[in-house]
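Chemist: Below are the chains, spelled out letter by letter.
Protein chains: 2
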Amino acid sequence: MKKLVNDVHSVVKESLEGFQLAHSDVVDVHFDPDYILRAEPKGEGKVALVSGGGSGHEPLHGGFVGFGMLDAAVPGAVFTSPTPDPIKEATAAVDRGAGVLHIVKNYTGDVLNFETAAELCEMEDIEVRSVIINDDVAVEDSLYTAGRRGVAGTMLVEKIAGAAAERGDNLDEVTRIATEVNANMRSMGLALGPCTVPHAGVPSFELGETEVEMGIGIHGEPGYRRTEMRTADELTAELYEKVKADLPFESGDRVVVLVNGMGGTPLSELYIVNRKVQELLEADGIVAARTLVGNFVTSLEMPGVSLTLLRVDDEMLELFDAPALTAGYRKGM
Amino acid sequence: MKKLVNDVHSVVKESLEGFQLAHSDVVDVHFDPDYILRAEPKGEGKVALVSGGGSGHEPLHGGFVGFGMLDAAVPGAVFTSPTPDPIKEATAAVDRGAGVLHIVKNYTGDVLNFETAAELCEMEDIEVRSVIINDDVAVEDSLYTAGRRGVAGTMLVEKIAGAAAERGDNLDEVTRIATEVNANMRSMGLALGPCTVPHAGVPSFELGETEVEMGIGIHGEPGYRRTEMRTADELTAELYEKVKADLPFESGDRVVVLVNGMGGTPLSELYIVNRKVQELLEADGIVAARTLVGNFVTSLEMPGVSLTLLRVDDEMLELFDAPALTAGYRKGM
Chain A
4 MKKLVNDVHS
14 VVKESLEGFQ
24 LAHSDVVDVH
34 FDPDYILRAE
44 PKGEGKVALV
54 SGGGSGHEPL
64 HGGFVGFGML
74 DAAVPGAVFT
84 SPTPDPIKEA
94 TAAVDRGAGV
104 LHIVKNYTGD
114 VLNFETAAEL
124 CEMEDIEVRS
134 VIINDDVAVE
144 DSLYTAGRRG
154 VAGTMLVEKI
164 AGAAAERGDN
174 LDEVTRIATE
184 VNANMRSMGL
194 ALGPCTVPHA
204 GVPSFELGET
214 EVEMGIGIHG
224 EPGYRRTEMR
234 TADELTAELY
244 EKVKADLPFE
254 SGDRVVVLVN
264 GMGGTPLSEL
274 YIVNRKVQEL
284 LEADGIVAAR
294 TLVGNFVTSL
304 EMPGVSLTLL
314 RVDDEMLELF
324 DAPALTAGYR
334 KGM
Chain B
4 MKKLVNDVHS
14 VVKESLEGFQ
24 LAHSDVVDVH
34 FDPDYILRAE
44 PKGEGKVALV
54 SGGGSGHEPL
64 HGGFVGFGML
74 DAAVPGAVFT
84 SPTPDPIKEA
94 TAAVDRGAGV
104 LHIVKNYTGD
114 VLNFETAAEL
124 CEMEDIEVRS
134 VIINDDVAVE
144 DSLYTAGRRG
154 VAGTMLVEKI
164 AGAAAERGDN
174 LDEVTRIATE
184 VNANMRSMGL
194 ALGPCTVPHA
204 GVPSFELGET
214 EVEMGIGIHG
224 EPGYRRTEMR
234 TADELTAELY
244 EKVKADLPFE
254 SGDRVVVLVN
264 GMGGTPLSEL
274 YIVNRKVQEL
284 LEADGIVAAR
294 TLVGNFVTSL
304 EMPGVSLTLL
314 RVDDEMLELF
324 DAPALTAGYR
334 KGM
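Protein chains in written order, with this note's numbering: chain A, 4 to 336; chain B, 4 to 336.
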């Protein structure tokens, strides 16, 4: 295993230290337990948003802490849920009396630990709601998951619900919007190869020289089939058709498109995927109102891509367009 | 070779099409010949900045076209200089009567083709200046280069000179600032593995299971030595010492730090490298005035990292902090 790490047991801590040193204008990292807060928290009355989960998906979640998105992120070990204690502490740290929304990707460990943390918070009279993100259409149950997995669409929930909290919506409203975003988005990914978790030291799975894993999870969990390598257009069309058919997205819908790199794919290839996505959307009469292309929700250095479509109304689009200032995403600031 | 491409001969064209579809608010891609312009060009009197070079380094250069940075970028085939014609056309398209600065990475093909394009422009009374970027301290001459190579620091020249042009500096002034940035910055990179150029179909070089190429070029050109894999801190210290000793950077200097991913390295590892860089700077009494960590000047999916230090004065820092709105870099907009 060749990785730019020192000790496999201190990967997350050292990475957080380097993150803090790069972004002290935006974030304030707390250690032992580890969580990331905004450098300049908003005052009384604002609903706070907390997310978290295993590390290795950067910039998610810590890279989305800041104005217009999250108030705190709680990183676990690589691909491992954080325990309830840091979640509880981070939640208490950001509560300003207006309540806290937990944004939780649907993995058994995350759901359980955020739930326990929420119970601990309620014992201290902190009001906590949760939205469980399950945008991945690839498989119904999976390694680590009952039901569908939460994947790249999580970033869109953090952006849009974050903007709602920023404009002063109350906890009911922010929860409603986050829930609606989740309900209106679908995602699916593919991998051309595995990634290597530092403390495991070996690739998370094996793929043949010409094989592709369709429906890959963001921890390298199996998808729904392995296929022979095909052209970018053919692979993209398979992602698109699965995603589209599931909601389903229909002619006249307006969507936010997220073409998300899994970490090890050149930006130029993500744009080739986007080209085909936009062609398919146009043929179906679906309007790409906004498009994001880049590495937002990664799986370490995995080569691959995921496609997320989010059906938007005027309100969601307005919130998507609102300013944000985080280490991993910036708009209008 | 597993890549998200269709035809290896149309990689750049299709990628540009997908780029245009994602960023039509910022860029306007011209095809045959291929170059990227700002969607909303500034009017009369502004000095224009044009850069370009082989594709495969995205977001450089096309991702840095927009307010506060470049007026045009000219992409060649992957790792291959664009020919004089598109450079000439792009230059003519962005000239507003105040002259054009060419920002050219020091590779024989690029230098020659930009030079020829400049001569063609002068025949049409377009005033063109050039700054040759040669920030790589690794080797003095190299595959494709006489003298030092231009690498990740190019992005800092585009940012700072772009801001100078935006505030209304004339061609002499913009050229002076670009030249000063180049003179005050030094870079070096390392690779943990190769990348694969699509039309070549095989990795650009081979590295043993535990080998690292120190001083790698952004096209996979050899560095100054191969070494056994060591810890991130040890590898980072070698980059830092080479970069520091060359200018040299000294106690009391203020610097902009750029920890740049080569494409296939997880963000978490780049932050581990940044942690060590900041520790070394502090020990040397060098002030990290600003820090950038991310994939800005890549080599397709190469796993690796480069370090750039730029010694800044108040003017450079003010220009670095000025607003920018491009597909690949945003600040204050």
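Incorrect hints may have been included.
Chain copies aren't distinguished; within one or between two, either way the pair holds.
To be verified - No more than 30 Å apart at the CA atoms, straight line, and that leaves these computed lysine-lysine pairs for BS3-like:
#, residue 1, residue 2
1, 45, 245
2, 334, 5
3, 5, 245
4, 45, 5
5, 16, 45
6, 16, 245
7, 334, 16
8, 16, 5
9, 45, 334
FYI, nobody ran anything at the bench for these hints, they're computed from the structure.
Chemist: Now tell me if each hint is right for this structure.
Modeler: Going through the hints against the structure:
1. When the C-alpha separation of residue 45 and residue 245 is checked against a cutoff of 30 Å, the pair qualifies neither within a copy, at 40 Å, nor between copies, at 43 Å.
2. Taking CA atoms no more than 30 Å apart as the test, residue 334 paired with residue 5 passes in neither setting, with 35 Å inside one copy and 34 Å between copies.
3. Taking the shortest alpha-carbon separations for residue 5 and residue 245, only the inter-copy value of 22 Å comes in at or below 30 Å, while the best intra-copy value is 35 Å.
4. Taking identical chains as interchangeable, the C-alpha atoms of residue 45 and residue 5 are never at most 30 Å apart, the minima being 41 Å within one chain and 46 Å between chains.
5. Taking identical chains as interchangeable, the C-alpha atoms of residue 16 and residue 45 lie at most 30 Å apart only when both belong to the same chain, with a minimum of 26 Å there against 45 Å between chains.
6. For the homomeric pair residue 16 and residue 245, the shortest alpha-carbon distance between copies (27 Å) is at most 30 Å, but the shortest distance inside one copy (38 Å) is not.
7. Proximity of residue 334 and residue 16 under a CA criterion of 30 Å is satisfied in both settings, with 28 Å inside one chain copy and 28 Å between copies.
8. In the homo-oligomer, the alpha carbons of residue 16 and residue 5 lie at most 30 Å apart inside one protomer (19 Å), although the nearest pairing across protomers, at 34 Å, exceeds that limit.
9. Taking CA atoms no more than 30 Å apart as the test, residue 45 paired with residue 334 passes in both settings, with 18 Å inside one copy and 21 Å between copies.
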